[in-house]
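In order, the protein sequences belong to chains A and B.
Read in order, the letters of the first sequence correspond to residues 0 to 151 in numbering that gives the first Met the number 0.
Read in order, the letters of the second sequence correspond to residues 0 to 80 in numbering that gives the first Met the number 0.
To list a few chain B residues with every Cβ distance to chain A over 10 angstroms, as calculated:
#1 Gly13
#2 Leu18
#3 Asp19
#4 Pro21
#5 Glu29
#6 Arg31
#7 Arg32
#8 Pro39
#9 Ala40
#10 Ala42
#11 Asp61
#12 Ala62
To be clear about the criterion: a stretch of chain B counts as covered by chain A if any three or more of its residues have a C-beta under 8 angstroms from a C-beta of chain A, and this derived list gives those stretches:
#13 3–11
#14 44–58
#15 70–77
Hint data in this document are derived by calculation from the structure and do not stem from the laboratory.
All of these numbers come straight from a predicted model, not from anything done at the bench.
For every residue, glycine included, the Cβ atom is placed at its ideal position computed from N, Cα and C.
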Amino acid sequence: MWRARLLLEPFSAADELSAFEQGLDGSVGGVVTFTGLARGRNREGATVERLFLQHHPRLTQRSLDEIARAAANRFEVRAISVVHRAGSVAPGEPIVWVAAAAAHRRAAFEAADYLMDRLKTEAMFWKREDGPEGSAWIEPTKGDRLERARWE
Amino acid sequence: MNVRLYGRLADLLGEQVRLDVPAEGCSVAELRRIVARAHPAAATAILGPGVRAIVGDDVVGDAHMVEAGDRVEFFPPVSGG
Numbered sequence: 000m001w002r003a004r005l006l007l008e009p010f011s012a013a014d015e016l017s018a019f020e021q022g023l024d025g026s027v028g029g030v031v032t033f034t035g036l037a038r039g040r041n042r043e044g045a046t047v048e049r050l051f052l053q054h055h056p057r058l059t060q061r062s063l064d065e066i067a068r069a070a071a072n073r074f075e076v077r078a079i080s081v082v083h084r085a086g087s088v089a090p091g092e093p094i095v096w097v098a099a100a101a102a103h104r105r106a107a108f109e110a111a112d113y114l115m116d117r118l119k120t121e122a123m124f125w126k127r128e129d130g131p132e133g134s135a136w137i138e139p140t141k142g143d144r145l146e147r148a149r150w151e
Numbered sequence: 000m001n002v003r004l005y006g007r008l009a010d011l012l013g014e015q016v017r018l019d020v021p022a023e024g025c026s027v028a029e030l031r032r033i034v035a036r037a038h039p040a041a042a043t044a045i046l047g048p049g050v051r052a053i054v055g056d057d058v059v060g061d062a063h064m065v066e067a068g069d070r071v072e073f074f075p076p077v078s079g080g
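Isolated chain A (complex conformation) (with noise of 0.2 angstroms):
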């Protein structure tokens, strides 16, 4: 069972994880999630005051369920959520939201780092930190590009 949502308004963190959880039967020995936020800091140290991620209207959707999609068969895992935000985020706001739930604690471990990995290089957004010095396009690091090579 796997579910991808791309939203264009903020999220709670704890009410997807408690609605996450509603959802799992008694074969799940754990839960793994992980938060992505928005920082107020690009890697320079400079200001950001709003991240902007642009997204395709049907491409970007597409790509999100293809990445929770290969979680859930690569992993022995009962449930994948999967959830992003587009549009204009403010610091502190979360922009991405992964759990993974299964029988044991490595295979969720697992599939929660395989989904951030793919999503932080894979995903179809554009993404725009804006701040008081001006805007700048940004792409995945070379460490974003090593992370997710750890799974080839």
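Add chain B to chain A, keeping to what the hints say.
What follows is chain B alone, placed relative to chain A:
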């Protein structure tokens, strides 16, 4: 043909550009050159190696043929989430 753009390509060209394409259609590579000729300031960006095209709902390569009625979009490398 109206072509939609994403990311930094939209900064350079606007979210949409109108292009005249040959009646017999053309390849995606030729369409990129048409954009470059019509908008020289964006030529380097649109001809760059990381730029990909979407036709309909599919990401396609430079050899893909497009016709006047196709829905075509260009995008720079994705940022990831």
